[in-house]
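Participant: Sequence:
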Amino acid sequence: MRDIQEIRADIASIDEQIIALNRKRMQLTEEVVEYRLSVGKKIFDFTPVEEFDFRNATVVFQGVEGAYSQQALQEFFGADTESYHVDTWREAMEAITGGKADYAVLPIENSSAGIVSENFDLLAEYDACIIGEQIIKIDHCLIGLKDTELSDITDVYSHPQALMQCSRYLKEHSGWELHSTKNTAGSALKVQQDRKKNKAAIAAKITADLYDLKALAEGIQNNTSNFTKFIIVTGKKIFRKTANKISLCFEIPRANESGSLYYTLSHLIYNNLNMNKIESRPIQGKAWEYRFFIDIEGNLTDGAVQNALNGLEDVTVDLQILGNYES
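Quick note: the sequence shown uses this note's numbering, first residue 129, plus one each step.
Worth flagging that the hints you see were computed from the coordinates, not collected in a lab.
Here are the simulated DSS-like cross-link-like pairs (lysine-lysine), alpha carbons at most 30 Å apart as the crow flies:
id, residue 1, residue 2
1, Lys310, Lys324
2, Lys274, Lys342
3, Lys318, Lys274
With beta-carbon atoms standing in for the labels, derived distance ranges:
id, residue 1, residue 2, range
4, Val177, Gln145, 31 to 41 Å
5, Asp173, Ser394, 24 to 34 Å
6, His301, Arg183, 41 to 51 Å
7, Ile147, Gly347, 46 to 56 Å
8, Tyr163, Lys414, 30 to 40 Å
9, Arg130, Ile406, 35 to 45 Å
10, Asp283, Glu441, 47 to 57 Å
11, Ala148, Pro288, 51 to 61 Å
12, Val177, Gly387, 32 to 42 Å
It should be emphasised that the depicted structure is a prediction, and the values quoted were computed from it without experimental measurement.
Glycine included, each C-beta is placed from N, C-alpha and C at the ideal position.
Working from the sequences, and respecting the hints, build out all of it.
Facilitator: Shown next, in the form of C-alpha cells:
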C-alpha cells in the first residue's frame, strides 16, 4: 500500500493540471468574447449597452394605487414615470413579453418571509430579462375606517406575505379572522369600499392616506428591519456594461445521483466565480424534480463567466440567463 503523503502528492499534481487546463480554456473563451464584441455579435443573445433609456417608458405593476410595487417602481424609475397596474404577476409578465409595457416591477424576496415563489416560476416560464433591482423598507400598518377602534376589529385582510410578516402581532389578537388578498393596497381599498368598522387591512401607511383611512397600529411587522427586493424585468435581452450580478436557472439531469449538484456548480468554482444565492423550485409535471435558481457575481462580457456558462450549458437542461444587472 502506498504512503498517504504520496497519494496526496499525486492528487495535488492532478489538481494543478486541471487548474492549468482550466486557465487555458478561460483564455480561449476570452478571445471568443473579444471576437464576438469586435464583430458586433451578441453574447448569449444579450446585448450590452452603456445606459438604459427610460424616456417614454411604460411600466406595469401588480396591485392597485399605493401598492409596495408602485413605491419600488417610483424609486427606480422616478415618480413621473407612466405606469399602470394589473391584477396578477402573470399579467405583468404577459404585458412586457407581449409589448403592452416596456418594464414590469415584481417582488422577488422579503428579508423576513423569504422568496416570492410564484415569481421565480414565472421567470423560468417567460422569456423575460432582469435589468435591475430595487429594495424598499416595508413598514406594515393595521388600517381601518377613520371611526374604527382596535376593539371593533374582527376581520383582517392582506397579502399572504404581509400576514406572515406580521404573524406575532396577529397572534396577540387570535380572535381576528385572517383573509388573503392579492396585494396589500388592494386590501386597504376593500376596507374603504366595504365601509365596515369590523374590517381592517395590513398595508403601508401611505395607503391609508390614499384611501382616506387611518392607521390603527404602526410598525406591526415581526422584524423592524423588514425589506422587500423587487426586480425590474423587460422583454428585451439587454444589460449594462457595468452590471455585476447574473441570475440563472437550470435543471440537472439525473439530479438524484450523488454529487450531481456539486459537479454542476464546480464550473463556478474552477472559474473562481462567487455564487451568493441558490434556490430550488419543484418542476411542474415532474415529481421530486427541481429547477435551481442561482445568483453569481460577474458580467456577461467576462471571460470567466463565459467559460462557466459554456460549462453549465453542457451539463444542465434548459439553462436560462435571467438577467445581468447591478446589485
